[in-house]
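Asks: Place chain Z on chain B using the hints.
If you're matching them up, the sequences are chains B and Z in order.
In terms of my numbering, the first sequence opens at residue 1 and continues consecutively.
In terms of my numbering, the second sequence opens at residue 1 and continues consecutively.
Since the hints were made in silico from the structure, they are not lab data.
Quick reminder that beta carbons are idealized off the backbone N, C-alpha and C, glycines included.
Partner residues are not named here, just some residues of chain B that face chain Z (Cβ under 8 Å, in silico):
(1) Ser-67
(2) Gly-165
(3) Gly-367
Listed here are the chains, written in short residue letters.
2 protein chains.
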Amino acid sequence: MNHFQLICIDCNEAHNPSFELLRCSKCDGILDVRYSSSYIEGIRENLSFNALIELMTPIIDKEFIVSLGEGNTPCTEISTVGSDIKQHLIAKLEYMNPTGSFKDRGVATMISAAKYYGVKEIVEDSSGNAGASVAAYAATAGIKSNIFVPSNAAGSKLAQISAYGAVVHKIDGSRSDVTEKLIDYKDKFDLHYGSHAISPFFIEGNKRFAYEIALNPEIDLPQHIIFPVGNGGLLLGAWKGFMELFLFGLIREMPKLHSVQSELIDPITRAYYSDVFDSQEGVTLATGISVKSPPRLNQIIEVINQTKGRAISITEKQMIDAKEFLCHKGLYCEYTSAVTLAGLHKLVEIGEINTGQTVLLPLTGTGLKEN
Amino acid sequence: MNHFQLICIDCNEAHNPSFELLRCSKCDGILDVRYSSSYIEGIRENLSFNALIELMTPIIDKEFIVSLGEGNTPCTEISTVGSDIKQHLIAKLEYMNPTGSFKDRGVATMISAAKYYGVKEIVEDSSGNAGASVAAYAATAGIKSNIFVPSNAAGSKLAQISAYGAVVHKIDGSRSDVTEKLIDYKDKFDLHYGSHAISPFFIEGNKRFAYEIALNPEIDLPQHIIFPVGNGGLLLGAWKGFMELFLFGLIREMPKLHSVQSELIDPITRAYYSDVFDSQEGVTLATGISVKSPPRLNQIIEVINQTKGRAISITEKQMIDAKEFLCHKGLYCEYTSAVTLAGLHKLVEIGEINTGQTVLLPLTGTGLKEN
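The following block holds chain B by itself, in its conformation from the complex (with noise of 0.2 Å):
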């Protein structure tokens, strides 16, 4: 397990792997993958996009991948959008991972990597999908899961994590009180914290996103992707994946990383457009990207900025008629997904998006989660 360190992105510090480690122990600051550039010299010599991905892993060893099946994704064409839609719309059914979101490449990882360690038992936070997703792969794994969720969380997402065989901890109060209360559980009985949200395994796995849209021959590499951010896992997965390809010479121009909010509740557009970080927690339909203070904020901008993508937010109103119009496309998705569309059309409308592009929305979660 020489081939890769874990790297601070504040101070970038390099810290031994471990799966405990989630903070630099220098300055507190998160922590990413970075390969050896020995392991990516040796790689160099295969560059298939297949024998790639299997390479750029943290973790190489079969016996210890824990799978469900999750990635591959399919994507379907979107047509006529509206009148003021003259691009080229695809759709990445991110819903169609095993456990209903995008979030099964991360926590493949994040489970495989705990495996690895001899990781036992784990504890995550989460009302929705991570929390489904990680009693799912530890399930698979044989590791004992303890997730902790708000005692109001829906009951679709409770029914699915208890059917795992996950512990459910119900927590009143706030979202904070509940990851208040994990730190103390955790704390006393010396678990792993598995969290999706600083895991720098999550964002490793979520790298499949990227590989596989260049991979795909059926589509052409779209100029934008909308992403739906809350922690911003997707979206920071997509771009270490699209940096490779770039790295390597697969991939000849990045594609623009726009990140997509509800105005109800945007930390991140708020920073986009000024350097004060402004906290607010405004209740959303969204409610997969619901979070007041991504970990990762920063790095979510500088990925922004750097691809010359956008941040923005957009009203209830949009994200619902948005979400509508997918569903009557037989798409089937999560409001949280439908903010890419409703992104879309503000993208246009204010000249970021131009006629004849290729654009492509990861549609993250399904529907069926909140009934």
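Replies: Chain Z alone, transformed into the frame defined by chain B:
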């Protein structure tokens, strides 16, 4: 569209294809798609699996093909099922289809045919997976859909069907009352009946299930496949696919196709063991296979016998235990899917499946719909 005809499975009468023809004009029998021998001769020269499945389909004009990314569902190994199971077990995750069930391949072909024949509005009766699938694909094709459902159908299924923009007709009374009301409505407004239980196009689309298994380089062709059977659409489609591959010389052995039902409603098992059709209508948790009089019953029995499979029934308790086991392996499926694992235990017990053999379980629908 003269590369195939619709053939009566009872009297063998050939009919020119149309969308509304669901029964034989001569004897009222059920119809199947059959390709002309000159067409088959023509494609024998191009025998790659991928090319074959593109060609062995009734709708070959690309402009009429309706797709939401169905099929190519992953296969995953299930380990440590219990001390009595010494088989190599593979689950095929049919719940990772666009609407959450195996129905999507068949419905995609059925709705493609509807589009080809210029159908503008369609009726279908279902309380669940088929209704959602028809609603989704009709939406994509721009066809108006009317889904007739029992008024006590599950809320999550109704929500999904409505979300696609279908008109939902809730009918009080038994399942047969629903079909009766549908027939009245269809006749009154002169609409097309998209019956997944009868349509030859539905069976034809399900063939791809077999091609995907035979195509998959990562798994061996299984000796056994255990199907949950209601109307038998997946078993019959799979059989047709395997038969084509066998006839073309692309597989050397036919898998044994087994049928599993709940003992509370098991017309197939009863017909398999006696020539007398013994009808009953119990209430099982496996709602997806709660079918009292499958229109293709004789055809199902023939396929089971021909492939040397078995028809068996299992208890609700065995099904509940099997679902819990699968979920605890990270496979969140519906009760209807869990009957396959319960069936495996029984088939091993009665000596139909032996140590070391490869067995495939199609997990036909997602647990998310049972909330």
